[in-house]
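A.B. asks: Protein chains in written order, with the numbering used here: chain A, 1 to 131; chain B, 1 to 369.
Some hints could be false.
What the hints assert, rightly or not - Per the computed footprint, the stretches of chain A lying under chain B, defined by three or more beta-carbons under 8 Å from a beta-carbon of chain B, are:
hint	stretch
1	63 to 75
2	112 to 125
What the hints assert, rightly or not - What follows is a set of in silico ranges between Cβ atoms, one per label pair, in the way DEER data are often shown:
hint	chain 1	residue 1	chain 2	residue 2	range
3	B	R352	A	A130	23 to 29 Å
4	A	E36	B	L327	43 to 49 Å
5	A	D19	B	L327	46 to 52 Å
Said to hold, decoys possible - In silico EDC-like cross-links for lysine to aspartate or glutamate, where the CA-CA straight-line distance does not exceed 20 Å:
hint	chain 1	residue 1	chain 2	residue 2
6	B	K362	B	E253
7	A	K2	A	D70
8	B	K329	B	E348
9	B	K329	A	E54
10	B	K329	A	D91
11	B	K283	B	E253
12	A	K24	A	E54
13	A	K2	A	D96
14	B	K329	A	E61
15	A	K107	A	D91
16	B	K329	A	D88
17	B	K84	B	E253
Quick caveat, the hints were computed from the structure, so don't treat them as lab data.
Even glycine gets a Cβ: it sits at the ideal position worked out from N, Cα and C.
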Amino acid sequence: MKPEELLYAPTHEWVFLADGPDGKIATLGVSAFAVEQLSDLVFIDFPEVGQTLEAGASFGEIESVKSVSDLYTPVAGEVLEVNSGLADALDTINDDPHGAGWLIKIKVSDDAGLANLLDFAAYQKQCQEAQ
Amino acid sequence: MSTPLLQTPLHAWHAANGGRMVDFSGWSMPVQYHSIVEEHQATRTRAGLFDVSHMGRLRFSGAGAGAFLDRLVTRRVDNLAVGKIRYALIVNESGGVLDDVLVYRLADPTGTPYFAMVVNAGNRQKITAWIDSQLSGFDAAYVDETPTTAMLAVQGPHAIEMVDPLLAAPLAKLGYYTGIWTEILGAPCVLSRTGYTGEDGCEITVAAEMAENVWTEILKRGASLGAKAAGLGARDTLRLEAAMPLYGHELTEQIDPYQAGLGFAVNLTGREFVGREALQALKNRADAPRRVGLEMLGRRIPREHFPVQADGAVVGEITSGTFSPTLQKPIAMAYLPPALAHEGAEVEVQIRNRLEPARVVKLPFYSRS
Chain A
1 MKPEELLYAP
11 THEWVFLADG
21 PDGKIATLGV
31 SAFAVEQLSD
41 LVFIDFPEVG
51 QTLEAGASFG
61 EIESVKSVSD
71 LYTPVAGEVL
81 EVNSGLADAL
91 DTINDDPHGA
101 GWLIKIKVSD
111 DAGLANLLDF
121 AAYQKQCQEA
131 Q
Chain B
1 MSTPLLQTPL
11 HAWHAANGGR
21 MVDFSGWSMP
31 VQYHSIVEEH
41 QATRTRAGLF
51 DVSHMGRLRF
61 SGAGAGAFLD
71 RLVTRRVDNL
81 AVGKIRYALI
91 VNESGGVLDD
101 VLVYRLADPT
111 GTPYFAMVVN
121 AGNRQKITAW
131 IDSQLSGFDA
141 AYVDETPTTA
151 MLAVQGPHAI
161 EMVDPLLAAP
171 LAKLGYYTGI
181 WTEILGAPCV
191 LSRTGYTGED
201 GCEITVAAEM
211 AENVWTEILK
221 RGASLGAKAA
231 GLGARDTLRL
241 EAAMPLYGHE
251 LTEQIDPYQA
261 GLGFAVNLTG
271 REFVGREALQ
281 ALKNRADAPR
291 RVGLEMLGRR
301 IPREHFPVQA
311 DGAVVGEITS
321 GTFSPTLQKP
331 IAMAYLPPAL
341 AHEGAEVEVQ
351 IRNRLEPARV
361 VKLPFYSRS
């Protein structure tokens with residue numbers, strides 16, 4: 001996925017929204033900027049498939065040598081799929097954070113939280129200001 | 001109101017070369033340039049170059065300086081031969097650790113012997129105030145040379161061959177824990193075979209204005225050997241693998257040297273020093289929690305202050321934890337009751353909302369062979 005086509009949470013998760021057979025499906029990941037900041041990943045924790053998440057809820061955590069961060073979903077819904085293979089291949093997140101390094105897919109029940117997300121340009125601006 | 005962060009003479013270089021600057025004990029220091037793990041591995045297998053100018057550097061003068069330091073620290077130092085360096089502790093009247101320090105006996109370029117001391121960055125104000133309160137009656141004085149000098153650490157198996165060609169005197173002949181005045185690239189420096197990584201290497205103290213030239217030349221010479229600039233992140237993972245205590249974590253005023261496993265750095269006999277009586281009484285205390293090493297069975301990292309449990313009860317807490325790049329698993333140090341302070345003891349660490357199994361292991365986690 002191209003970074004320009006994603007939406008970003010101020011907490012550095014990205015969201016890609018697509019139409020599924022019965023409703024919208026959101027793919028979530030961590031932005032390249034956040035992955036670069038974390039740099040030395042050592043652990044990732046996923047939710048269970050089938051678990052229902054509320055908008056703004058933590059769906060897992062990502063840990064680097066330096067620190068640990070909660071992962072938040074901006075949309076509500078049911079966890080359809082988790083990219084569980086990443087647990088033993090954390091380099092994939094470093095190498096391709098917006099593609100093969102995706103984290104979870106959610107069947108969206110409420111996408112109101114998308115209104116709080118940033119487009120690529122606005123997110124880049126936030127990252128530049130943070131540096 | 002926040003105080004502006006102090007900057008080392010290499011600050012501009014760090015900022016221009018990708019250093020991620022963080023507040024460390026009031027100093028703006030690079031935690032990493034790129035990857036902590038890569039900087040760690042470079043130091044273990046080749047060489048790492050660290051800016052440690054934030055460490056406090058005190059230079060003593062006066063005929064009574066040796067006698068004064070002897071009263072201040074937990075080991076005898078007034079008999080140090082010129083060129084020798086000794087690790088020691090400064091403790092308060094109750095035996096609590098105020099700082100861990102290196103005491104140097106050096107001869108300046110004119111051949112005049114003097115004492116010097118390196119203290120932790122975060123303790124510099126506290127220790128200078130402590131020294132001021134103890135100096136009365138001694139023919140001794142000191143100058144805080146921290147702002148006018150820089151200190152560089154070159155650590156790793158290739159450290160010596162990298163630095164040697166730049167020196168007026170061969171470093172290869174300098175024994176471990178010894179130091180001399182010499183010249184590096186024509187600049188007068190104190191060179192010592194010391195470090196805080198568990199690797200061979202040296203530390204170089206030069207005038208602040210010479211620091212950037214020395215730093216960049218060492219890096220240039222080291223490039224073909226795979227040397228890297230390394231930040232405080234790697235310094236922390238390296239010292240943790242080597243089980244070296246860090247003040248504010250394994251050492252505090254509430255901890256005595258014996259609990260910390262630093263009994264070797266205390267010599268109670270033959271002289272008076274601040275805290276001696278208290279330490280004498282603490283020495284054979286059987287019930288005090290002890291510093292131990294922990295290896296995690298899972299992947300999550302136990303971090304400072306996380307509770308350690310055994311049989312459902314909290315028995316201690318983590319003082320430092322990280323992911324060990326050498327062992328490829330999370331490791332930590334903690335203080336545990338004597339009954340659990342033995343190899344193989346099984347405990348659990350409360351990592352956020354979960355209990356993660358851990359095992360007490362022998363320290364250090366890593367030692368170079």
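A.B. asks: State for each hint whether it applies.
C.D. replies: To see whether the hints hold, each was checked on the structure:
no. : hint                        : in the structure
1   : 63 to 75                    : holds (count 4)
2   : 112 to 125                  : violated (count 0)
3   : R352/B / A130/A: 23 to 29 Å : holds (25 Å)
4   : E36/A / L327/B: 43 to 49 Å  : violated (25 Å)
5   : D19/A / L327/B: 46 to 52 Å  : holds (47 Å)
6   : K362/B / E253/B             : violated (25 Å)
7   : K2/A / D70/A                : violated (24 Å)
8   : K329/B / E348/B             : holds (16 Å)
9   : K329/B / E54/A              : violated (33 Å)
10  : K329/B / D91/A              : holds (16 Å)
11  : K283/B / E253/B             : holds (16 Å)
12  : K24/A / E54/A               : holds (15 Å)
13  : K2/A / D96/A                : holds (11 Å)
14  : K329/B / E61/A              : holds (18 Å)
15  : K107/A / D91/A              : violated (27 Å)
16  : K329/B / D88/A              : holds (13 Å)
17  : K84/B / E253/B              : violated (28 Å)
Hint compliance for this structure: hints 2, 4, 6, 7, 9, 15 and 17 are broken, all remaining hints hold.
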